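Mind docking these for me? Both chains are given alone in their own frames, and the hints should help you get the complex.
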Amino acid sequence: MHLFIQFLTNTGYYLGDYRNWLMIVVGCFFIYLAIAKNYEPLLLLPIGFGVLVGNVPFFKGFGLGIYENNSVLHYLYFGVTSGVYPSIIFLGLGAMTDFSSLLARPRLMLLGAAAQVGIFFTLLSALALGFLPKEAASVAIIGGADGPTSIFLTAKLAHHLIGPVAIAAYSYMALIPIIQPPIMRLLTSRQERLIRMPEPREVSRTELLIFPIAGVVLCCFLAPASIPLLGTFFFGNIMKVSGVVDRLAQTARTAIIDTATILVGFCVGASTQGDVFLTPKSVKIFILGAVAFSIATASGILFGKIMNLFLKEKINPLLGAAGVSAVPGSAREVHMMGLHEDPENFLLMHAMACNSSGVIGSAIAAGVLWSFNVI
Amino acid sequence: MYGLEAITHYNGWAQAIIGATIVLAGLSALSFAISQIRVLAEYLERRKSASENGGPPGLVRLSPEEPAPGDLAQTIRKYQQLVQRLASPFSLQDLYAACRKHGFRHPHQSIKMLREAGVLQATGDGTFTWRPDVVSNPISH
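Residue numbers (our numbering), protein chains in the order written: chain A, 1 to 375; chain B, 1 to 141.
Only chain B is shown next, with the shape it has when bound in the complex (with noise of 0.2 Å):
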């Protein structure tokens, strides 16, 4: 039997439309469950901490030099400490593993803004170099 006799014969139809569809569904479900997981993740990390602490649950401390989300002249300021530290030039996952070690909040975001701000310039074979002076207000040092 051949052609969309065999398939009809088979149960072909039915058989592609409910597979194609719980894979669909599997998938999607498993991707909600993805992105549930960090919720529960920081809310178990931070019954964690504060149970570690003694405070409330769900209390998140914020640095005081902390610069505010999208401020660009501040995050150069506070990064600019760091990249100094660093060789020039340097790769990314160094920055980050900098970052971390120090406490940055928000280092992806960040060094994001920094990327597309043209702060943190790609050389070409991985690593970038720090040019604040490509902002129009560059920071005083």
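Isolated chain A, as found in the complex (with noise of 0.2 Å):
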């Protein structure tokens, strides 16, 4: 009888408290909206089974836990923490980019650049709010909107921040259909939504190979701390449209990403044990995330507007919003939103180059914050 006291005390059922329930429920919740709503289920199923695992009740000690070492998890949490998931999802999401379309339109990379404006926005609404500069800038980067890069981020200034962190940035992707739209309609007129783009002009192979070098010397020599990122990126770009190593480019773009992703998604996932993870600071991050992505897709949209000012050939300011780094979601929800107001305007390719240059904008601002905040 008393074994069998001792083994019921050791289960999850006993050990559990409230916040442990509590999270079970946000993972079930990620689950369906993985399955049900079909919201980024790439990232949100990982993540909201990795929920549900991080938050099994277990005798601590055991070397069962994330956090404790020698556990399985806490090696598969290294990949994070180091920053190499990241990377190597970097490498697929290049190897996976076809940059004819901003190549075809160059000045289509400046709002990418202001869509930036969120992530420096909300290190001074961090700051303000409390948070040291490392984890503000930790956090100021959910404004660029790219959940690797907010991950590498996070894993280099502040890592007892990197589950909130990373739920978050995930989270507002995944809601990018539901926070998008209203700003959207809000900051432009009929009118401007109804501006056609004219087709991009066709680009030859060679532009299409020196892109990839003039990106790594022009980004990487500006900001050295986006190498991690920016270097794999701009290796799997010429992977792909040498045409010489279509194996390897393939196996970028597939196997590797799609481990990377899996590994990425369940232990930023598993993180976020209920003792670890539900904390005021957390609920802070969730409400700057969400300060952070709406302005980086209102400072797009403007800025979309302002340029508009002194261009002949007019462009559609909703691209604007695609320029946060969400790939593709937020290029989707414009050209979405530029069908619904005229079937026969085409914004995807126009709008895919924009979040292109938000991928290249938020690493070069992560690596921007990072060298401010190495001491």
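Since the hints were derived computationally from the structure, they do not count as laboratory data.
Note that the structure is a prediction, hence the values are computed from the model and not measured.
Note that the Cβ used here is the ideal one computed from N, Cα and C, for glycine as well.
Treat the hints loosely; a few may be bogus.
Quick list of in silico lysine-lysine cross-link-like pairs, DSS-like style, CA-CA up to 30 Å [claimed, not checked]:
| hint | chain 1 | residue 1 | chain 2 | residue 2 |
| --- | --- | --- | --- | --- |
| 1 | A | Lys-60 | A | Lys-284 |
| 2 | B | Lys-112 | B | Lys-101 |
| 3 | B | Lys-112 | A | Lys-312 |
| 4 | B | Lys-112 | A | Lys-305 |
| 5 | B | Lys-78 | B | Lys-112 |
| 6 | B | Lys-48 | B | Lys-101 |
| 7 | A | Lys-37 | A | Lys-281 |
| 8 | A | Lys-281 | A | Lys-60 |
| 9 | A | Lys-314 | B | Lys-112 |
Derived coverage of chain B by chain A (criterion: at least 3 residues anywhere in the stretch with Cβ under 8 Å from a Cβ of chain A; other residues may be distant) [unchecked claim]:
| hint | stretch |
| --- | --- |
| 10 | 1–10 |
| 11 | 23–30 |
| 12 | 35–44 |
| 13 | 101–114 |
And the structure:
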């Protein structure tokens, strides 16, 4: 009988407290969003299930938890805390991205730069709310709307915040269809939404080959701290466009990025142990994340409107909303809104150009913030 | 420490302003570089084709049948032959592919002009039909 009671006191049912159960509800909600609503299932399903696994209560000291040395989860989590997984994800992203539309219309890159304003506004807000500089920089990068970049910077500057920052970044990326459209409608007139973009010109292979080299030379020299992200990103891209290593490019954009996504999603989910995750700081991070994401969207749109004051050939300011680097969610949202106003207004290619520049912009911003906070 | 005091204490204003400026400057520089890549690529391609043909660099050959830019009637006449080879309705992707195959120059510009003139009409499901009759001076066949 004694043995049986001892067994019962070691079960998760006995050891768990309300915080674990609350997080399990959150995990189930993510799984529901992924499966029933199809919101970013590639991210929300691994994260949601990771939340369930990470919140199974256990007897501390058995080497089971993600924060306990020598546990299996701890080893898997090392890829997150060291910034390895984000670099690998960027390699795959580079091997997936087609820069032709950006090369055809380089000025769209400025929209990707403008959308990064959300990061720096949030930096100020986080400092004002009492976050330390390294923590504030980690929270601010949520405004870039790029999961791997957020994880990478937080791992380097404030790894105790990886869970809340990553969950906030990915949650807002999944909620793009809810967050962005009202801002887009609020800041643009119907006439502006109806602006048609000309077909992008054809881009030669030579241009596609020169771009990743020029990208590395310009971006990584400007912000060397962005090398782990942009170095692999442009490497992945040159593998794709060169056409001489198709096998490697194919592996990078399928098996490699998929493996890294599974591990990063699952580990980030598992890092949200109720007792570590449910703190007032996490609530602040979620609020600041929403503000950052909204400001990033708004600043991209407003910059598009400002550009139109000087351009003969107007651009559709909705494209500014795709300046955040949530690929391809925000581009898809811009395209859908354009189609809603005019069924023949196809903005997807142009929005993808802004999206790609947003990825580069947020990686540079991460590098800049990292270098500001390295002492 | 909270509020403006915290921002000032941690040098937040400078970080935000300099950070935003660096990102904007970086992407502006990249944007400028990208716009120049085209020039460089064209130069490299001209040199390559010139060395293959044994001619001087910088020589661009124009097809005698090439319509003058902006000449709608000539463009319709030229594209008419091409469109007849495609099943109707057709996608713009197929039309571009056919243009490339037959060495048409400036297909984006020409197709844009044809769309704006209503000669290429969208069916609503991503495909297009050929309607030269909508132009006031239809071409003779």
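Hints, verified against the model:
1. For the given pair, Lys-60/A sits about 28 Å from Lys-284/A by alpha-carbon distance, which is consistent with the 30 Å threshold.
2. Straight-line distance between C-alpha atoms of Lys-112/B and Lys-101/B comes to about 19 Å, which keeps the hinted pair within the 30 Å bound.
3. Between Lys-112/B and Lys-312/A the alpha-carbon distance is near 17 Å, which keeps this suggested pair within the 30 Å criterion.
4. For the hint linking Lys-112/B to Lys-305/A, the alpha-carbon distance of about 24 Å falls within 30 Å, and the restraint holds.
5. Among the hinted pairs, Lys-78/B with Lys-112/B is consistent with the structure: their alpha-carbon atoms are about 15 Å apart, no more than 30 Å.
6. Restraint check for Lys-48/B and Lys-101/B: satisfied, since their Cα atoms lie roughly 20 Å apart, inside the 30 Å limit.
7. Taken as a hint, the Lys-37/A and Lys-281/A pair is honoured in the structure, with Cα atoms around 29 Å apart against an allowance of 30 Å.
8. With a C-alpha separation of about 24 Å, the suggested pair Lys-281/A and Lys-60/A falls inside the 30 Å cut-off, and the hint holds.
9. Note on Lys-314/A and Lys-112/B: the hinted pairing holds, with a Cα-Cα distance of about 16 Å set against a maximum of 30 Å.
10. For the stretch 1–10 of chain B, the assignment as covered by chain A holds, since 7 residues bring a beta-carbon within under 8 Å of that chain's beta-carbons and 3 suffice.
11. Residue count for the stretch 23–30 of chain B with a Cβ under 8 Å from a Cβ of chain A: 8. That meets the three needed, and the coverage hint holds.
12. For the stretch 35–44 of chain B, the assignment as covered by chain A holds, since 7 residues bring a beta-carbon within under 8 Å of that chain's beta-carbons and 3 suffice.
13. With 4 residues having a beta carbon nearer than 8 Å to a beta carbon of chain A, the stretch 101–114 of chain B meets the requirement of three or more and the stated coverage holds.
Consistency with the previously given hints is maintained throughout, with no hint failing.
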